[in-house]
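2 protein chains.
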Amino acid sequence: MTAERRAKVMQVCERHDVLVVEDNPYGLLRYDGEAQPTLYSQGQGNVIYLGSLSKTLSPGLRIGWALAPSAVRAKLVLAAESAMLSHSTFNQLVVRRYLDTFPWREQIKTFNAMYSERRDAMLSSLSSLMPEGCTWTEPEGGFFVWATLPEGIDAKAMLPRAVTERVAYVPGTGFYADGRGRASMRLSFCYPTPDQIREGVRRLVGAIEGELDLRDTFGSTLSPSAEGSQAPAADLP
Amino acid sequence: MTAERRAKVMQVCERHDVLVVEDNPYGLLRYDGEAQPTLYSQGQGNVIYLGSLSKTLSPGLRIGWALAPSAVRAKLVLAAESAMLSHSTFNQLVVRRYLDTFPWREQIKTFNAMYSERRDAMLSSLSSLMPEGCTWTEPEGGFFVWATLPEGIDAKAMLPRAVTERVAYVPGTGFYADGRGRASMRLSFCYPTPDQIREGVRRLVGAIEGELDLRDTFGSTLSPSAEGSQAPAADLP
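Protein chains in written order, with this note's numbering: chain A, 10 to 246; chain B, 10 to 246.
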C-alpha cells in the first residue's frame with residue numbers, strides 16, 4: 010500500500026472505530042524503493058501490530074510478537090495461556106541471544122540481495138513468457154508476485170494442471186472471505202533458486218496455455234458465480 | 010487408578026462408545042510400587058494417549074505427542090495446522106538429538122530419586138503438622154499430594170489467607186466441571202527443596218488453623234451450595 014492509501018485506510022478505520030490488525034512479517038525484507046510508514050505508527054491506539062522472526066531468522070522457531078493496546082494485550086495473554094499455557098521460553102532465549110550477539114541487520118541485507126535476485130528472475134521470466142492478458146505486480150520487497158490471469162481463467166481450477174506440471178501457487182481465493190480472487194495467484198520466489206524460478210514460470214505458462222485452449226474451445230473456466238469478480242490486483246497481498 | 014479400576018473405566022467407555030483422552034505426562038515419574046498398564050494399552054482403539062517431554066526434559070521446549078486413532082489423528086493435524094501452522098521443528102530436532110544421544114532413562118532415575126525425597130519431606134511434614142480431620146494421598150509418583158480439608162473448610166476461600174502466608178496450592182474445584190472439590194487441594198512438591206517443602210507445610214497448616222478458628226466461631230466457610238459436595242479423594246487427580 011502507498012503511504013496515501015495507508016493514511017486513508019486509517020482514517021476510515023478511526024472514523025468507524027475499527028480495530029486494525031497489521032500483520033507485517035515482511036517489513037524488513039524491502040530491497041527497492043522507500044520504506045512505508047506502518048499503520049501502527051499512524052494509528053491512535055487502534056492497531057494491533059504483528060511481527061515475526063519467521064522470515065528473517067527461522068520459521069521453525071515459531072517466534073513472533075504483538076504490539077497491542079493494553080486492554081487487548083491482556084486478553085491476548087489470557088488467550089495464549091488458555092490455548093497453550095506458555096510459548097517456548099527456550100526459543101525466546103535463543104532469539105534473544107541471536108539478536109544480542111549476531112549482526113542480524115547484516116544478515117537481512119544478505120537476504121535482501123538474495124531475494125532481489127530471485128524476484129528479478131521471476132519478473133524477467135514472466136515478461137518473456139506470460140501470454141497476453143496476464144498482469145502481475147512488481148514488488149519492492151517480500152516473497153511474492155501477485156499475478157492475474159486472462160479473462161475466463163480460474164486459478165483454483167487450474168491448480169491441478171499446474172501441480173501435474175510440478176509447479177504450485179496459492180490461488181487468490183485464499184486471500185478473500187467473499188469468493189473473489191479466482192483469477193489471481195500468489196507466486197512465491199522465496200525458496201527456489203533463480204534457475205528453478207525460471208523453470209517454474211515456464212511450467213506455469215504451460216498450464217495457463219492449456220487453460221486458454223480449454224477456454225477458447227469450451228468457454229470460460231470460471232464458475233458462473235465467480236464471473237466478473239476478479240480482484241483489483243494492483244496493491245493487494 | 011488401580012489396574013482394576015482402569016479395566017472397569019475402559020469397560021464402561023467401550024460399552025457406551027466413549028472416546029477416552031489419557032493425559033500421562035507423569036507416567037515415567039514413578040518411584041514406588043508397580044507401573045500400571047496405560048488405558049491406551051487396554052483400549053480397543055478408543056483412547057487418545059498424550060505424552061510430554063515437559064516433566065522429564067524441559068517444559069520450555071513445549072514438546073509432547075499424541076497417539077490417536079487414525080481418523081482422530083488426521084483431525085488433530087488439521088487443527089494444529091489451523092491453530093499455529095506448525096510446531097517448532099527446531100525444538101523437535103533438539104528433542105530428537107537428546108533422545109538419541111543422552112542417557113535420558115538415567116536422567117529420569119535421577120529425577121525420581123529427587124522427587125521421592127521431596128514427596129517424603131511433604132508426607133512426613135503433613136503427618137507431623139496437619140490438624141485432625143485432614144486426609145491426603147500417599148502418591149507413588151508424580152509431583153502432587155491431593156489433600157482434603159476438615160468438614161466445613163473451603164480450600165478456594167482459604168487461598169488468599171495461604172497466599173498471604175506465602176504458600177500456594179491449586180484448589181480442588183479446578184479439577185471438576187461441576188463445582189465439586191471445594192474441600193480439596195493439590196499440593197506440589199516438584200520444585201521446592203525438602204526444607205522449603207517443610208516450611209510450606211508449616212505455613213499451610215497455619216492457614217488451615219486460621220480457617221478452623223473461623224469455622225468454630227462462625228460455622229462453615231463452605232458456601233451453602235457446596236455443602237456435602239466433598240470429592241471422593243482417594244484416587245482422583
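Just so you know, these hints were derived from the structure itself, not from any lab.
Since we're looking at a predicted model, the values are computed, not measured.
Where a beta carbon is used, it is the ideal one built from N, C-alpha and C, also for glycine.
Among the clues, some could well be false.
Said to hold, decoys possible - Under the rule of at most 27 Å between Cα atoms (straight-line distance), these lysine-lysine pairs were calculated in the DSSO-like manner: (1) Lys84(A) / Lys118(B); (2) Lys165(A) / Lys64(B); (3) Lys165(B) / Lys84(B).
To be verified - Simulated DEER-style distance windows between Cβ atoms: (4) Asp222(B) / Ala92(A): 35 to 45 Å; (5) Ala177(B) / Trp113(A): 16 to 26 Å; (6) Ser91(A) / Leu76(B): 35 to 45 Å; (7) Leu59(B) / Gln101(A): 16 to 26 Å; (8) Leu59(A) / Ser136(B): 27 to 37 Å; (9) Phe184(A) / Gly42(B): 42 to 52 Å; (10) Asn33(B) / Gln101(A): 23 to 33 Å; (11) Ser91(A) / Glu115(B): 30 to 40 Å; (12) Ala75(B) / Glu13(A): 42 to 52 Å.
Would the hint linking Lys165(B) and Lys84(B) be met if the CA-CA limit is 27 Å? 37 Å, violated
Can the suggested window of 35 to 45 Å be confirmed for the beta-carbon pair Ser91(A) and Leu76(B)? 24 Å, violated
Indicate whether the distance between the beta carbons of Leu59(A) and Ser136(B) respects the range 27 to 37 Å. Hint violated: Cβ distance 53 Å, outside 27 to 37 Å.
Between Asn33(B) and Gln101(A), does the C-beta distance stay in 23 to 33 Å? 27 Å, holds
For the range 42 to 52 Å, tell me whether the beta carbons of Ala75(B) and Glu13(A) fit it or not. 50 Å, holds
Is the distance from the Cβ of Ala177(B) to the Cβ of Trp113(A) consistent with 16 to 26 Å? At roughly 40 Å between Cβ atoms, Trp113(A) and Ala177(B) fall outside 16 to 26 Å, so the hint is violated.
Restraint check for Lys165(A) with Lys64(B), where alpha carbons must lie at most 27 Å apart: Not satisfied, since the Cα-Cα distance of roughly 46 Å exceeds 27 Å.
So does Leu59(B) sit 16 to 26 Å from Gln101(A), Cβ to Cβ? 24 Å, holds
Looking only at beta-carbon atoms, does the pair Asp222(B), Ala92(A) fall within the given range of 35 to 45 Å? 42 Å, holds
Is the hinted range of 30 to 40 Å satisfied by the C-beta distance from Ser91(A) to Glu115(B)? 36 Å, holds
Do the beta carbons of Phe184(A) and Gly42(B) sit within 42 to 52 Å of each other? 57 Å, violated
Between Lys84(A) and Lys118(B), is the straight-line Cα distance small enough, at 27 Å or below? 41 Å, violated
This entry does not satisfy hints 1, 2, 3, 5, 6, 8 and 9, going by the numbered hints stated previously.
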